[in-house]
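Can you make the complete structure from the sequences, with help from the hints?
Protein chains in written order, with this note's numbering: chain A, 120 to 557; chain B, 120 to 557; chain C, 120 to 557; chain D, 120 to 557.
No lab work stands behind these hints: they were computed from the structure.
Every value quoted in this text rests on a predicted model; they were computed, and no experiment measured them.
Please note: incorrect hints may appear among the correct ones.
Copies of the same chain are indistinguishable here, so a pair counts whether it falls within one copy or spans any two.
No more than 30 Å apart at the CA atoms, straight line, and that leaves these computed lysine-lysine pairs for DSS-like [to be verified]: (1) LYS293 with LYS304; (2) LYS472 with LYS280; (3) LYS280 with LYS293; (4) LYS304 with LYS475; (5) LYS304 with LYS191; (6) LYS191 with LYS455; (7) LYS293 with LYS472.
There are 4 protein chains.
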Amino acid sequence: MLTRLAELFGLSGEGQTSGGRERAAARVTEACHRLLSERGEVSGARLASEILTSYENLDAAGRQSFFDLLLKEFSPDPVEVGQAGDAYRDDPSVETLARLQRAVESPRQELFRRLNMAPGGTRGLVRLQADLMKAGGHVPITTDLGHLLTSWFNPGFLTLKRIDWHTSATILEKLIQYEAVHQIKGWEDLRRRLEADRRCYAFFHPALPDEPIIFVEVALTRGMSDKVQPLLDLSSSVVPPESADCAVFYSITNCQPGLRGVPFGSFLLKQVVEDLEREFHRIRRFATLSPVPGFRSWLSENAAEPAGAVKFTNIADIVAKLDEPGWHENERLAAKLREGLVPLCAYYLLRAKRDKEPVDSVARFHLRNGARLERINWLGDTSKAGLERSAGIMVNYVYEVGNLERNHERYIWESRVAAASGIETLARQAITPLTKTR
Amino acid sequence: MLTRLAELFGLSGEGQTSGGRERAAARVTEACHRLLSERGEVSGARLASEILTSYENLDAAGRQSFFDLLLKEFSPDPVEVGQAGDAYRDDPSVETLARLQRAVESPRQELFRRLNMAPGGTRGLVRLQADLMKAGGHVPITTDLGHLLTSWFNPGFLTLKRIDWHTSATILEKLIQYEAVHQIKGWEDLRRRLEADRRCYAFFHPALPDEPIIFVEVALTRGMSDKVQPLLDLSSSVVPPESADCAVFYSITNCQPGLRGVPFGSFLLKQVVEDLEREFHRIRRFATLSPVPGFRSWLSENAAEPAGAVKFTNIADIVAKLDEPGWHENERLAAKLREGLVPLCAYYLLRAKRDKEPVDSVARFHLRNGARLERINWLGDTSKAGLERSAGIMVNYVYEVGNLERNHERYIWESRVAAASGIETLARQAITPLTKTR
Amino acid sequence: MLTRLAELFGLSGEGQTSGGRERAAARVTEACHRLLSERGEVSGARLASEILTSYENLDAAGRQSFFDLLLKEFSPDPVEVGQAGDAYRDDPSVETLARLQRAVESPRQELFRRLNMAPGGTRGLVRLQADLMKAGGHVPITTDLGHLLTSWFNPGFLTLKRIDWHTSATILEKLIQYEAVHQIKGWEDLRRRLEADRRCYAFFHPALPDEPIIFVEVALTRGMSDKVQPLLDLSSSVVPPESADCAVFYSITNCQPGLRGVPFGSFLLKQVVEDLEREFHRIRRFATLSPVPGFRSWLSENAAEPAGAVKFTNIADIVAKLDEPGWHENERLAAKLREGLVPLCAYYLLRAKRDKEPVDSVARFHLRNGARLERINWLGDTSKAGLERSAGIMVNYVYEVGNLERNHERYIWESRVAAASGIETLARQAITPLTKTR
Amino acid sequence: MLTRLAELFGLSGEGQTSGGRERAAARVTEACHRLLSERGEVSGARLASEILTSYENLDAAGRQSFFDLLLKEFSPDPVEVGQAGDAYRDDPSVETLARLQRAVESPRQELFRRLNMAPGGTRGLVRLQADLMKAGGHVPITTDLGHLLTSWFNPGFLTLKRIDWHTSATILEKLIQYEAVHQIKGWEDLRRRLEADRRCYAFFHPALPDEPIIFVEVALTRGMSDKVQPLLDLSSSVVPPESADCAVFYSITNCQPGLRGVPFGSFLLKQVVEDLEREFHRIRRFATLSPVPGFRSWLSENAAEPAGAVKFTNIADIVAKLDEPGWHENERLAAKLREGLVPLCAYYLLRAKRDKEPVDSVARFHLRNGARLERINWLGDTSKAGLERSAGIMVNYVYEVGNLERNHERYIWESRVAAASGIETLARQAITPLTKTR
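And the structure:
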């Protein structure tokens with residue numbers, strides 16, 4: 120099969136010369152034209168399949184050439200766009216609008232729709248988009264394909280599935296591979312995360328049956344967790360899940376780089392909350408245990424500001440301490456830093472904004488969903504990554520079904536962050552010195 | 120739930136006054152605006168669900184009002200379209216094109232995407248489209264929704280399933296209900312069509328698990344069937360399927376009026392051919408047994424033309440005989456009519472064209488797929504419907520995998536109809552008198 | 120395949136002479152010997168399959184001959200039984216007991232176990248048992264096979280499944296075919312019995328995936344039904360199931376005649392009660408609506424007894440009225456009969472016994488399960504069958520999970536029938552005249 | 120639940136005194152009597168479940184007491200056995216035989232049948248049998264339960280399933296745990312054994328859905344493998360399976376100790392051969408790559424015999440060399456040993472017998488199945504275990520569907536071992552000196 124394709128498209132996997140590479144990309148492009156032509160109607164699936172396979176056989180430079188050709192040869196025709204625009208201006212009717220709509224739609228859109236007819240086509244297009252995003256540039260292609268993928272991966276087409284030890288190894292090993300927040304260190308680690316007092320849920324799309332799209336890991340606990348290490352500890356004792364009163368979402372991972380920007384996260388969390396409510400009547404609280412990924416670099420950027428705490432002259436003074444290895448195991452130093460950092464973190468989350476939204480990306484995600492900032496946990500994550508990005512701090516955001524809508528609207532319309540009152544108080548401790556933020 | 124919705128939207132299922140009806144439609148429209156607004160992000164699924172339910176509660180006139188509002192309030196903004204058009208004309212760049220693309224896309228598209236998030240949303244939208252098509256008018260809405268549905272019902276998302284007696288009653292009763300070509304007269308009739316020497320295949324979409332999208336009925340036979348009544352006869356003996364050498368597609372039915380215009384038929388036939396080839400190595404021929412639905416009315420339209428056969432003065436003479444009840448049981452008359460009608464039918468299929476394609480819709484479908492017109496079967500369908508639409512004639516189109524592409528291309532580019540040589544000869548018998556067709 | 124078997128076993132489906140028939144039976148028997156011999160170890164599945172197929176090809180008389188041979192040639196060896204008995208008597212040890220156990224086990228048991236290795240073997244054996252039971256006689260074979268089937272159809276191997284409109288037609292048509300209590304009159308009737316306020320549950324065995332073993336039909340109602348016709352009425356309105364407070368078991372059917380005597384019924388009812396309790400929190404009462412199948416014939420047998428009611432001289436007087444066609448539509452007569460029959464029915468159910476258990480088979484089944492006789496419903500079933508077997512009366516038995524065990528034990532050890540107090544009172548009205556019953 | 124059971128049965132998991140232990144065993148036994156009594160009919164499933172759980176809570180000594188009680192209290196009544204034996208001797212009829220059959224059947228059988236009604240009952244009984252076998256003694260109980268398990272695990276009830284990377288982790292980790300022949304060293308090792316040119320098949324029983332009963336590992340190869348290490352090598356290259364001409368069964372493992380003695384192995388191999396024949400038309404040879412587990416100890420037992428090879432005085436001479444560590448890496452020594460050992464191994468497999476069957480257990484299994492001894496592979500397994508049990512030798516047995524029956528019958532009736540002619544020749548080289556074997 121591969122051999123046959125190689126003949127068809129003159130490809131060879133290795134040793135591609137620059138010229139050979141360009142010819143290969145040109146051949147794929149030609150095949151795309153054929154697919155868009157009438158012939159595509161009869162032999163669409165086969166042709167689409169061949170195009171995707173031969174695309175995969177291109178090396179990075181070959182793909183770049185192919186992207187260039189996609190941009191050049193499958194964009195709307197400027198002349199027709201211009202004329203349709205004129206026609207609309209002269210007589211803005213249903214018909215002239217329809218003509219203009221047709222004129223501005225890239226032929227790429229139809230090309231991608233036809234490529235989707237190949238067996239495994241959807242997966243191929245998601246990978247193509249990942250390649251485009253990684254390569255950067257070619258914005259119009261990414262936009263076209265993203266538009267299509269957003270439509271195809273509409274939440275109405277996604278299925279929530281629980282992942283546990285009965286799930287196939289094919290899927291489980293993908294969790295190990297994809298988990299981005301708290302690395303899974305092999306099958307034993309994974310197993311602990313799927314046991315009785317843990318839950319893992321993922322969204323699946325029917326066209327990618329073996330590929331989780333996004334997944335969330337949940338711990339069922341007594342009381343709202345303030346530290347992540349005990350949750351990840353392989354030797355932690357298993358809580359009987361029916362005695363839990365809290366569900367802690369401690370990790371959420373997007374699996375498909377090609378679907379970046381398609382919003383699934385908030386749907387996933389809401390459906391999981393509903394599922395858990397149905398299953399466990401005693402669970403009253405749904406909260407995250409989240410990093411504050413932008414905190415540490417924000418501190419550095421504001422190093423010159425006074426620290427707002429009696430024990431430090433300014434933030435730089437604090438940052439310097441954070442650079443000392445093992446500082447969190449030095450009890451005295453840690454206690455001193457706590458006094459300085461916790462109010463600063465409260466300030467950071469409530470006041471440090473960009474375009475009216477918090478600077479912190481995780482805060483933006485949960486607050487936009489309508490969650491409430493509930494608690495700041497000192498030394499909540501003492502892993503290397505946790506210390507480096509969040510100065511060891513973790514945060515709980517609480518999801519209360521009844522308040523999500525109101526919180527969301529205030530967040531959107533009034534730029535108000537829903538937060539527990541104590542956090543407001545903490546932020547004020549830091550407020551005098553820090554008066555300005557970008 | 121319904122009660123609650125009724126309060127929310129001020130609806131009541133019955134006794135709607137004209138004013139009440141308009142208020143109801145207006146309330147659904149308002150909810151659509153809310154769904155498109157920020158709030159839709161948090162409560163999308165619930166809101167979408169409420170909108171679809173309250174839409175279903177509108178009566179025909181209420182729906183009409185709702186369509187009017189959809190047209191008026193969710194179309195692109197002409198001012199913005201105009202400005203974006205000007206901006207593009209002044210500077211045709213990637214950015215101005217992107218702006219123009221955004222400007223011309225109807226807000227309806229995003230509205231429909233969000234409605235799809237409701238449980239059962241896809242089904243609701245397919246029904247909405249069916250309502251729109253039935254009502255007529257509102258072309259821009261139908262176009263927008265059709266655009267979306269074509270993308271969502273891409274063949275890459277459809278699954279071919281065999282339907283047999285192990286299939287659920289939910290699905291089986293839909294075959295009884297939908298079958299359009301040769302009516303299924305209850306469960307016993309259906310059962311015979313699913314037995315050992317019969318096959319039924321349907322496409323399903325993951326979002327509509329209980330709804331066949333399109334299905335085809337196949338008989339496995341020895342020799343290519345020339346008459347449909349023996350196939351439909353409940354008491355016909357069952358051919359051991361492994362002894363069959365021919366697969367006859369005797370009925371193909373689109374089930375979803377809301378998906379009219381989305382092309383599935385050719386994909387279905389091709390996949391079924393592949394499946395049957397894999398399962399039955401002895402089957403060498405794949406053919407349809409198809410009606411000629413436009414033949415009878417074409418005869419009437421051309422009544423004044425000479426009949427091209429010695430025994431009739433002109434077509435009107437033939438048509439008059441066809442109006443006599445029971446003509447096909449009168450052997451002498453039938454023989455005489457055969458001499459006149461078979462050549463005319465050959466002529467009709469090969470020469471009677473509109474926009475370069477055959478006038479006959481079934482011929483257009485199969486020839487466009489790349490099939491070959493193989494045989495004209497006199498008295499192939501003597502049912503009332505068969506006599507009325509096709510003068511009792513049925514036709515075999517043959518699908519030869521190796522020739523589909525070539526036939527399709529000649530059909531498209533050269534307007535050539537692939538036909539067995541005998542049919543060409545027949546058409547020539549009728550050719551002298553009939554010189555013109557629309 | 121059949122042809123080959125026919126050769127192998129010298130069978131032909133039709134026109135068997137008496138001699139040919141016996142030869143055929145002898146050949147099947149020989150094959151059984153081969154299966155039990157060493158060869159069976161290697162080619163067991165194939166040989167078993169051939170035996171079962173050729174058995175099915177025997178006509179009734181051929182099967183009878185086969186049964187005779189099974190009895191003659193596959194019974195324990197009396198000499199070995201005698202010697203093993205002696206050895207045990209001389210020295211009753213573990214070893215001599217084991218020898219005796221081996222000696223008394225029929226070779227048939229192992230034969231049946233090996234026949235089960237054929238694809239579809241279990242089904243074949245269940246059918247064989249049905250044939251044996253229908254033919255009568257051959258008790259030792261029936262006992263051996265029954266012993267095995269009881270072990271294989273242990274409740275631990277059965278799966279409870281809900282049957283609804285999503286179930287396959289293969290299974291649904293078996294409900295239509297098997298329903299024994301209240302005949303199902305086609306697909307529309309079946310459909311009504313599976314709708315929202317109805318439930319149907321069946322036990323399945325993994326080796327017979329398409330064969331319900333036993334099924335029960337349930338109506339979810341407000342109040343405990345006293346009449347069956349409204350439940351069966353196709354035009355009855357559907358009760359929202361979540362508003363029901365009672366589940367009425369109105370029909371229970373054993374599907375496999377070959378499994379008669381294997382007790383499933385009580386397991387089925389208990390599991391269904393548990394399932395319904397989980398699903399519907401408002402349902403407080405689980406009751407049957409059952410016929411009194413032996414009542415009418417019991418009346419005839421006791422015709423000479425006084426009727427215990429002022430309006431009739433004796434039971435014969437009542438029975439005579441019951442023979443008048445349409446008596447139940449004659450209001451006056453019906454009212455008069457009610458006065459006589461309801462107390463007699465109470466008496467029949469509470470006092471008419473055989474071997475310490477009620478004469479009535481349905482009463483025996485439910486009372487043995489631990490249910491309570493709750494209510495006697497006059498004109499509860501006015502169908503022809505209902506009038507003929509139960510004089511139109513139906514009875515409610517109530518299943519109260521908390522009391523089943525106690526009721527069952529009293530029933531077994533003290534021959535006490537659990538009944539509502541009113542029924543005891545009614546029985547006493549009839550008690551004076553009727554002093555004796557078999 | 121556990122707490123409640125502990126109360127019921129007076130159990131506590133730890134610190135059981137000898138007296139407490141016996142009381143606990145006595146309480147489980149009492150519950151067994153209740154289950155067998157009438158009450159068992161109504162509350163069987165619950166009671167059975169409680170018995171199995173409380174049995175699991177007994178420690179080893181408690182279980183021993185329970186087994187003693189099972190033996191004492193649930194065996195046939197000797198008085199009734201004696202009387203039934205007398206009755207049969209006086210009048211050997213169908214009735215007296217039936218009475219004797221009832222008398223000799225242990226009440227344990229019915230007890231076990233009722234225990235099976237508990238959810239997970241079958242699994243519990245398989246575990247109980249494993250405990251009994253491990254403990255030893257209590258033969259009548261093991262026999263009774265084994266009789267039942269053999270009937271329940273009849274091949275007709277087992278399902279063959281392919282195990283691959285799509286299988287659930289629950290099942291996959293059991294392969295890692297159970298594999299007995301060539302240890303699986305973690306998930307990566309397992310993964311290689313399930314890849315494209317490998318196959319793994321297992322039998323499952325419907326009552327133990329997550330428990331493989333027995334499984335076999337197969338390599339699809341070009342040519343018949345003579346060494347196992349290359350097959351197990353993680354870095355071995357993957358052969359395109361459609362190019363393979365041989366299927367090598369290199370490991371077969373019984374998973375359930377409680378089912379020891381229930382014969383599945385030959386059914387499994389035959390079904391897998393059929394499956395592979397269907398899937399891969401080019402595979403012409405089905406062979407095992409098997410150890411010779413009894414060879415090394417047989418050598419030691421026959422150390423005094425002459426070696427039949429010029430280079431060694433006697434077998435003791437050879438055995439002494441085999442005790443030198445690393446001998447197989449010493450080319451010269453290995454070559455010398457080969458000359459002596461290969462003929463001895465041929466002799467061992469063909470001539471060393473016990474009760475007319477080969478001494479070697481693996482040889483017995485495959486030859487009884489009708490396979491042919493095809494080739495002796497020098498240094499076929501150089502793992503520690505392979506050197507220790509088989510002197511590094513591995514053997515190919517070939518399964519030829521057409522010859523299995525004949526080989527099996529000759530093996531059974533004539534004690535003939537089917538072997539390639541070269542092996543006979545080899546054996547003769549060793550035959551002079553070795554004239555006797557037990």
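Structure-inconsistent hints, enumerated in ascending order: 2, 4, 5, 6 and 7
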